[in-house]
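Visitor: Chains as they are written, first to last, in our numbering: chain A, -5 to 287; chain B, 1035 to 1299; chain C, 36 to 418.
What the hints contain is simulated information worked out from the structure, not anything from laboratory work.
Only a predicted model underlies this, so the values are computations on that prediction, with no experimental measurement involved.
Below are the DSSO-like pairs computed for lysine-lysine, each with C-alpha atoms no more than 27 Å apart in a straight line:
1. K1212(B) - K185(C)
2. K208(C) - K1212(B)
3. K162(C) - K208(C)
4. K162(C) - K1212(B)
5. K162(C) - K185(C)
What the simulated footprint calls covered on chain B by chain A, stretch by stretch (three residues with Cβ under 8 Å from a Cβ of chain A suffice, anywhere in the stretch; the number is not a length):
6. 1054 to 1065
7. 1129 to 1140
8. 1238 to 1245
9. 1258 to 1266
10. 1274 to 1280
The beta-carbon is built from N, C-alpha and C at its ideal position, and this holds for glycine as well.
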Amino acid sequence: MKGRLGRAIVLALPWSWMALFFVVPFLIVLTIAFAEPSEGLPPYTPLLRWSEEGGPVIQLNLANFRLFLEDPFYLEAGLRSLRVAAISATLCLLIGYPMALAIARAPERWRATLLMLVILPFWTSFLLRITAWIGILQDQGWLNSALMALGVIREPLRLLYTDFALYIGITYCYLPFMVLPLYATLSKLDPALLEAAEDLGARPWRAFLQVTLPLSMPGVVAGFLLVFIPVVGEFVIPELLGGPGAQLIGRVLWTEFFQNRDWPLASALAVVLLMILVAPIALFQARAAREGR
Amino acid sequence: MRRASRLAVPLGLGFAFLYLPILLMVLFSFNDSRLVTSFTGFSTRWYFALWENEALMGAAVLSLRIAAVSATMATLLGVVAGFALARMGRFRGRAAFAGAMAAPLVMPEVITGLSLLLMFVAMEQAFGFPAGRGADTVAIAHATFGAAYVAVVVQARLADFDTSLEEAAMDLGARPWKVFFLITLPLIAPAIAAGWLLAFTLSLDDLVIASFVSGPGASTLPMVIFSAVRLGLTPDLYALATLLVAVVAIGIGIAAWVAFPRRPG
Amino acid sequence: MSSAVAARPGTAEPWRDPAADPFLRIEGVTKRFDGFVALDAVTLPIYRGELFALLGASGSGKSTLLRCLAGFIEPDAGRIVLDGQDLAGVPPYERPINMMFQSYALFPHMTVAQNIGFGLRQEGAPKALIADRVAEMLALVQMEGFGNRKPAALSGGQKARVALARALAKRPKLLLLDEPLSALDKNLREATQFELVNIQERTGTTFVIVTHDQEEAMTMATRLAVMDRGTLAQVGTPGEVYEFPNSRFTAEFLGTANILEGVIEAADDQVTRIGSSELDFDILAEAGALKPIGSRAYVAIRPERMRIERTDPATPLADNRLVGRVRDIAYFGDFFMYYVVLDSGKEIRVSQPNLRRMTARPVDWDDRVAVTWDAEASMVLPE
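Looking at chain A on its own, in the form it has when it is part of the complex (with noise of 0.2 Å):
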């Protein structure tokens, strides 16, 4: 088992997979992001080409990414997709650190209860639970026929695809992903923390701030970019709840691919999310690693 043959083996296996799927392709965007689009299949140019004496020839395309900050059109698709990342983190925080609060100053024999009752529609088809979500908010949908019904509305309310709509599908699907980290600080603080804290004078809302919020940073962090990261790059959201106007990079790039075909686009602004993401996803996993230790 200490053999460095078998430790040479164990590695090859994961590394390789790894390697050939993860990392390769990457690459492979990133050669594409500069190649030009073509009627083809593959639709886009070869970026090495052997020219006419002889000797091979590498073209590289700059007008995908220039594109990019020319057009504010895709620019401002990037500003967008940061801006409602940021607030539906927010939301998620908002909404779910009492929520963990609460679950982790729960009584023992039910916090893992109400923690699967939090992972439990996680388990269940997120495709599924939009859906739900388009029956709710449309024109004849739920809410409004129960509040016309009510009375407190004559018409019915523009709700869905709209930016209302938007944030309310992504804090409903990413909630657990805040609740979960939360709950993980919050549960390991040792409550004689906070009896110190009132022993020593500081009412209940002071302690919080004082000493239950600074402890429960580590969590805050985790999970704003747990949410953050995988919102900036989200599309069925922005495209089964959001308006025409919800163009994130992530939609931006699916309409390039799958409508337009042009590959070399789609590719650049993978490369142009990539870059975005870039810091907090080594944030991120900077933390988990220091967590881990």
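We have chain A already, so just place chains B and C on it with the hints.
Guide: Just chains B and C now, with coordinates in the frame of chain A:
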């Protein structure tokens, strides 16, 4: 308990937010009307409609097959990788390895999907394998990100594993491979099972990556649902969701019953 | 040495016999971790049937030595020979040595009986033999009727018994015990200590026990080694090490000691006289100081060997007599500890048994007191 009770309100509201949409779906799956908004009477007709929807049923079978295959591959890879990360200490390239293993967890799906597709296309051009795209390429893609989840679960279990248990077994005369099969494996089996289940569920639920790497004739269940939803809501989708919720609830119930059996006395 | 230092009744003392063959030889064992020397050329013979304690603070190397014996760590240098067999390169699963782990390391997915039978099953022993041995071990540790329980359903003391039974089931030549009782509370620990010694005597197995608890080492061990920074500071019977410490370290590690410093001024067959710059008078000790006249020496005196009484300033100075002021008195129930500050500023601890209930203390805070002791209580430290 004073603190807990004050927090019960936001907790209750949070659970209402999480469960109300699901309950509405379950309720309206038994609605007689074709319209998904007003409840006209109890009926199970949408469950029969579901059964007769061949595109949906075919996609469900395909998705289950892909999920089973990819979860199994992911478990094999993930367990080995989890062991490498938890037990091999510092080896050359550990940081890069840990990064590559964990990256699929946080990577936006559009990037993972696009890059895997381009990889499969490049491989086909270079070696002729995989020829075309379909269930196989979806399974490989799902195994790749599923392995990351399994590795995390297994590594976490091994991190708080009391290594003196393995030392004790060795001290009592068990050779390393027997230690692994008699002690380590039975004790981390729940984590491995959880990892498999997680990879299975993620595969079953994935739309974006499958849309990129799948090919004609291999539409998974989420892909079929997605195109159906874009055309408009029909109550048979609610019937499908209800069945899924029931399966998950029963599964969780069994798991809880197995994991926490009532002790005599 | 002194007859006051008695061994356990009925125990032979093979370490006093130069012709006796050690059962376990630890010879020059050295282990380094990343430049840190955990074990520095440790040489230690241990005899058959001993209950040998390795005593030390954390980081002293005692656990490293134990893990070298078990085979989890391979020494960088030196040999370990057990009953004539050199253990170099022998993996843990082939050593005739078993261990009782600090965490007990009971396999949670196996019953008590399966845990105890685990070692024999690895040998491929016949089922009937395993069943018999498991029953025998359960009886030995008084756990009959618990065979079908899972470890999670046992109390701390019961887990300790099962861990011991499991480690003894293969009848090892050597049993290692890693802080075996540290997880138990005080009363249970004391009861279990006696039981452990009992089982050791009944089975005749050689025990090596690692502990940081000096009471545990003193009450249980035939001999003990005090470890300090990877070396053996002193090896001997508990009585020898307590009554004849060889250094400031052992004198202060095992029990409490007042250390006085001085220069040897005179010595004859009867008495050694030590002059002290810290004090205004001389220290007398019984003969036996091995150091030449004029060399510096440390003298250790146990607090319970000292007497304390009120005095007035007129009393003349004398040998083995210190004068100071009571700074503090600590009440321990069974004794008082007086903290006396001498005029030089040095602090001396004196303990007095609490012999009578509800009487006024003869000595009180801020009293001027004289502290005296007999020459035989002065322990001149060789180092």
